[in-house]
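**Q** Combine the two chains into a complex, taking the hints into account.
Chain order of the listed sequences is A and B.
Per this note's numbering, the first sequence runs over residues 1 to 114.
Per this note's numbering, the second sequence runs over residues 1 to 117.
Since no wrong hints were added, every one of them can be taken at face value.
In silico EDC-like pairs for lysine to aspartate or glutamate, Cα to Cα no more than 20 Å straight-line:
id: 1; chain 1: A; residue 1: Lys102; chain 2: B; residue 2: Glu44
id: 2; chain 1: A; residue 1: Lys102; chain 2: B; residue 2: Asp55
id: 3; chain 1: B; residue 1: Lys73; chain 2: B; residue 2: Asp55
id: 4; chain 1: B; residue 1: Lys70; chain 2: B; residue 2: Glu56
id: 5; chain 1: A; residue 1: Lys9; chain 2: B; residue 2: Glu44
Ranges between beta-carbon positions, derived for each pair:
id: 6; chain 1: A; residue 1: Ile12; chain 2: B; residue 2: Ser42; range: 18 to 24 Å
id: 7; chain 1: B; residue 1: Gln83; chain 2: A; residue 2: Asp40; range: 28 to 34 Å
id: 8; chain 1: B; residue 1: Gly43; chain 2: A; residue 2: Leu114; range: 19 to 25 Å
id: 9; chain 1: B; residue 1: Thr60; chain 2: A; residue 2: Ile60; range: 33 to 39 Å
id: 10; chain 1: B; residue 1: Ser42; chain 2: A; residue 2: Leu61; range: 23 to 29 Å
id: 11; chain 1: A; residue 1: Ser112; chain 2: B; residue 2: Glu56; range: 43 to 49 Å
id: 12; chain 1: B; residue 1: Lys73; chain 2: A; residue 2: Leu95; range: 24 to 30 Å
id: 13; chain 1: B; residue 1: Asp29; chain 2: A; residue 2: Leu95; range: 18 to 24 Å
id: 14; chain 1: B; residue 1: Ile46; chain 2: A; residue 2: His10; range: 18 to 24 Å
id: 15; chain 1: A; residue 1: Asp1; chain 2: B; residue 2: Lys70; range: 32 to 38 Å
id: 16; chain 1: B; residue 1: Gln30; chain 2: A; residue 2: Leu114; range: 43 to 49 Å
id: 17; chain 1: B; residue 1: Lys73; chain 2: A; residue 2: Gln17; range: 42 to 48 Å
id: 18; chain 1: A; residue 1: Asp71; chain 2: B; residue 2: Lys70; range: 37 to 43 Å
id: 19; chain 1: B; residue 1: Leu84; chain 2: A; residue 2: Asp40; range: 26 to 32 Å
Think of the hints as simulated: they come from the structure by calculation, not from any bench.
Think of the CB as a built atom: it goes at the ideal place given N, C-alpha and C, for glycine as much as any other residue.
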Amino acid sequence: DSGVTQTPKHLITATGQRVTLRCSPRSGDLSVYWYQQSLDQGLQFLIQYYNGEERAKGNILERFSAQQFPDLHSELNLSSLELGDSALYFCASSLGGTHGEKLFFGSGTQLSVL
Amino acid sequence: AQKITQTQPGMFVQEKEAVTLDCTYDTSDQSYGLFWYKQPSSGEMIFLIYQGSYDEQNATEGRYSLNFQKARKSANLVISASQLGDSAMYFCAMREGQSGSARQLTFGSGTQLTVLP
Numbered sequence: 001d002s003g004v005t006q007t008p009k010h011l012i013t014a015t016g017q018r019v020t021l022r023c024s025p026r027s028g029d030l031s032v033y034w035y036q037q038s039l040d041q042g043l044q045f046l047i048q049y050y051n052g053e054e055r056a057k058g059n060i061l062e063r064f065s066a067q068q069f070p071d072l073h074s075e076l077n078l079s080s081l082e083l084g085d086s087a088l089y090f091c092a093s094s095l096g097g098t099h100g101e102k103l104f105f106g107s108g109t110q111l112s113v114l
Numbered sequence: 001a002q003k004i005t006q007t008q009p010g011m012f013v014q015e016k017e018a019v020t021l022d023c024t025y026d027t028s029d030q031s032y033g034l035f036w037y038k039q040p041s042s043g044e045m046i047f048l049i050y051q052g053s054y055d056e057q058n059a060t061e062g063r064y065s066l067n068f069q070k071a072r073k074s075a076n077l078v079i080s081a082s083q084l085g086d087s088a089m090y091f092c093a094m095r096e097g098q099s100g101s102a103r104q105l106t107f108g109s110g111t112q113l114t115v116l117p
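In isolation and in its complexed conformation, chain B is listed as follows (with noise of 0.2 Å):
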């Protein structure tokens, strides 16, 4: 089964306005770590956002939030007021396991935002 998925090959969205990437993820771990990464086509990785399992708070780092649904098993990303230089790929992980060992994230397959003028 897959641990984390990504249902959107590809977005659009208009230059300013909201998007919301989804990501659903499987654990049967109570601790473990959701992490969105960007992926411009200059090929780097890039980290976004963190939210704990733990974390009764939704996760904010400026432009981004991350929506966390723990009964629904869910993490979406939020990002505010778009920009062109948001256009990217951008990926969901998560990381298991108990606290204090910083295993390996498993990532989404990816979805693909366009932001268009």
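Pulled out of the complex, with its shape left as it was, chain A reads as follows (with noise of 0.2 Å):
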């Protein structure tokens, strides 16, 4: 257990429909991250917040948002959604003070678009 929690495992929608998925960091990290895994774009950087402020953006979509909480919690908004949105995504979480330290990975959020 990494101890980064997220919610809902599973989420099944409909194009068009919007969804929030919703990331616990491991207690006293600051940093959280959010990747996409696709079959065809593998392992993708969304967004970094360190200690709720937006710290690096990749290859996020504009309908795509997400903030962290004052309780460092994040959650990931995705709206309009796309049957190509269907993929694994990751949250995962670390201090946020040194450059060698790992990142603890949740065990992803399985969202389908039918």
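**A** Structure (structure tokens):
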């Protein structure tokens, strides 16, 4: 158990809908990262937050947004969903202070858009 | 250009044998970190080993070791005495940037390892 909690584990929805994925980082970790894993694109970095502020942005679509709350949990919002958004979405966390620290990953949310 | 290249989509190894999974990287930073993660069929990402660009010794963690060749920009993972439970997807990843900032990891495309009984 990595200590990172993601909910829900599975999500099935229809095109055009909006969903929210939730992540609770490990206790004490200030950085939260969101990744998308699909068969054709592999593991793609979406966005990173550090102590409530956006730190880095990757290949995140404009239809997607995220935030980190004062209690450090994070949410990833996906709107106007398309079939191609079907993927495994990972949240990861780290302390956020040292260069060599590893990321601890949650078990992911499997999103299926029908 | 790809930051992390894993040229072996799939690998087979006999149980109890050693196996090397290849990883090459591309960066102009002097300070960077290299990581290996394991993803079993259940889906979770499990950290295996880390190598810093300034580390003079190759990293080792139990049966895992990292063959770091800085001049060749390679960071191959060596698994000794393979076990059936080692069957999984393995990802090489890199963090670039100045020391003190925990930036995101960039992942390679992965290598699917199958351990044969």
